[in-house]
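Peer 1: Spelled out, the chains give:
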Amino acid sequence: MATATPIFYALPQQTVLDNGIRLIHFQLPDTFSVGVSIGIDVGSADEPGQWAGIAHFLEHLVFRGTEHFPTSVVIGQAVENFGGEYNAFTGKTYTQFICSMPLPYRSTALAIVADLAAHPLLRLEDIEEERPIVLREISLGEDNSWQRVIRALEQVVWPETTMARPIIGYERTLVQITAADVLAFWRAYYQPRNVVCTIAGDLSFDEAQALAVAVLGNWHGEAAELLEPSMTEELLPRRVRWEEMPDRQETVFAIGAPTPGWRDIDHGALAILGALLADGEGSLFARELVRRSGLLHQTGMLTWINRDKGALGFTGAVRPDVLLLAVRESLRLLTKITSAIPERDFVRARGYARGEVLRLWLRPIDVAVQLCHQALLGSEELGPNKELTAIEAVLPDHVAAMLQSYLAPEHLRLAVAGPNPDLASLESLL
Amino acid sequence: MNPMTTLDLPLHQEYQEVTAPNGARVLSVRCRGHLATIAVGVPVGMRHEVSPRSYGITTLLARALPLGTQRYRTSAEFAFALESFGGVFGQGNDQDSTQVFVSVPAEHLEEGILAALELIARPRFPRDAVAREKRRYRGQLLASWAIPATRASDLLDGLLWGNGPLGQRAVDLARSILHIQWDELVAFHRQAYGPRHAVCVISVPEGLERSLDLAVRSVANWSGGNVDVVLPLLRAEARVAVSRMPSDLVYLLLAVPTVPRGHPDADALNLLSVVLGGSTVSRLFREIREKRGLCYDISCRSMVAATTGALLIEAGVSPEGYEEALTAIGGELRRIGDDVEGAELERARTLLLSSLAMQSDRPETWAQRFCRDLLILQRPRPFREIAEALLRITIEELRVVAKRYLRMDELRVAATGMTVSRTRVERARMRLLDQ
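Chains as they are written, first to last, in our numbering: chain A, 796 to 1225; chain B, 36 to 470.
Do not rely on the hints blindly, as some may be mistaken.
[What the hints assert, rightly or not] To list a few chain B residues with every Cβ distance to chain A over 12 Å, as calculated:
# : residue
1 : Pro56
2 : Gln175
3 : Ala273
4 : Arg274
5 : Glu381
6 : Thr385
7 : Arg397
[Claimed, not checked] Covered stretches of chain B, as calculated for chain A (at least 3 residues, CB under 8 Å):
# : segment
8 : 68-81
9 : 88-98
[Unchecked claim] Stretches of chain B that chain A covers, calculated by requiring three or more beta carbons in the stretch to come under 8 Å of a beta carbon on chain A:
#  : segment
10 : 280-293
11 : 320-330
No lab work stands behind these hints, which were simulated from the structure alone. Even for Gly, the Cβ is constructed at its ideal location relative to N, Cα and C.
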């Protein structure tokens, strides 16, 4: 019988600054570092089609220089001279700029990420110098079978929508994006009203608020029209998509289905469903398809819940000659667990999901990222307590209902990356 | 003055150590949070694979540990037992050691310690499960050989460590593990995995003494494993390895052999690796990515093991620009011994110390670090000692160490990609030697 972990986290505190920036704070006692994140409510799904990849390109470009840190070297030195680490990432519906630093240098950490978002220089030479680097990143993705299968699955679960577009965009669009385009995109979206700032570490809410006001208080937005997301690429609905990688000795596949967006999902049930199916060594696919039958080299869950749309699925890596059998067996097991969830499996999955929450909400930078993620996607209640409470409230029937609803056979889609598969047979399995 | 000297670095670490009657060393260290981590290791790794017929056995053995134990008969039973209360586990091996780790909510410490020791001391090696795991391992080896980036890494290992166990290519290991019989695996475990040189490190938020007690009691009935194996390090003569294969980029990996862990130059080499390629203002990042636009990412790290070490540089570069990248990287390696500056040294120091301090916010950091220290150095190397060693190094010492190890005649180059040519790589390397 699993024992419940007591809920002992502090609650996140939040406020809205005068300029519309939403500030969220989480106190983590006895930590050395502070984690800060500036999140912008824009991602690749918001792009006009002819600018596919611009959100990610902009994320790169801000690091080339800002008003107070005019070159990439100055930015890097500003962070690294105080032992900090920084990064950024672009998603389908938001972009985050993050920095982790020893706590005494928290104002430097926030000042840097704020300047990246609020005052990038976006010079012509920055665009021309950074463009080949992003093109190299595209090439890197082409060599990676996991990235290729993710790209393929996005196209089959979200066809005919901008969600299906790869976040990095396409070479054909990236080579045409101009400095004026980038500036227009930045003006449209990088406004205080679209910004969430999170600060996590061993500091009080009052300290965090004072810091945020001092650093972000003078960021005044302009009225700018949002751009209309659009598609120029043709991504017609289909059930199976194959990324050709003829020389590989392993095929990666992903089976998934569309889901509702963030606000309409039972996140507790979702966490348990993931642990039930493919997260952890005791999950159904790990023990049956990896260990017992040896069909899969590895397996895992895909849980992509975005602002308005989501997707849920699982992955497998196999020898190319057993792909058909592996997919058939995966679907058979999915059908079996959908009809009945053994109590033992449910208890294990719930414990696993709980453990994942405990592990995630530990380091200041991870906490800052996660809070920003929750806020930008539309959570009403933030923090780990909410996640733990949601997990505790789940019954096996909730998970079963989720399986029957989201992973019903008629919703399933398949993506494959590897050597030449038997596509016709794979289609017939679905 | 280095910013780290004015900060309240977590230099004071509370830990306790004891040696169990059977020789196992047990250490408990305080961490923050509400999770406990248990890391158990034995000093048996790839360099203990004595004959070519047994190449791959330590990795196969490590992978077979969780397939079932005396207490948890199958991998599923083991996983269920741990994961039901939020625990996770893993295992791995390297040149020198095999380690298992278990992470549990702190209130389940005793179960976590028992589970970790079950894995390493009392595996059952169910025949069918081991056979399947062997096939899975083989499949993954063949898959990795077909990936340009991982093949380049394999080729580099061969250039560094010769044709011995450390330099085996994945495609060769995939053949050799077929010969490993179940009896051999079990016998190897019985001979080599014993408490005499084993280490158990526990990080807990509280109750250091209790943790030690629990661990000592848990290891008490672990016996066996009295084989000490010492192998000579094989030298490799070749300096270049190239493989043409379909790829969007050319994967360029460079290395020079350096020193093992605990060597007086090891810390300086760590600093050099940061100056060269450990940050966004590092020399290689600025030159190869920012200035020349030849790659998306380039990195440098210092690898130190019990008997070996290397400075490793890795980049995925444009297919047309790999010669230029190779020449530019070599140029940076040549000149750093002459012109590395004080500001670079300070920044590298700050980054290493700060990074370690920030990693201390994770409960598993010091369990894993101390476990590795005890296995290789036979003692823990605490934060204070690391900080003092890094802060002592002068710019003059850094330049001397750079010139001592970053020599073009010792430079190994491995490259994979569609456009890569052995002749051109050799030529670029020879030009570096001639300069």
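Peer 1: What are the numbers of the hints the structure violates, in ascending order?
Peer 2: 2, 5, 6, 7, 9
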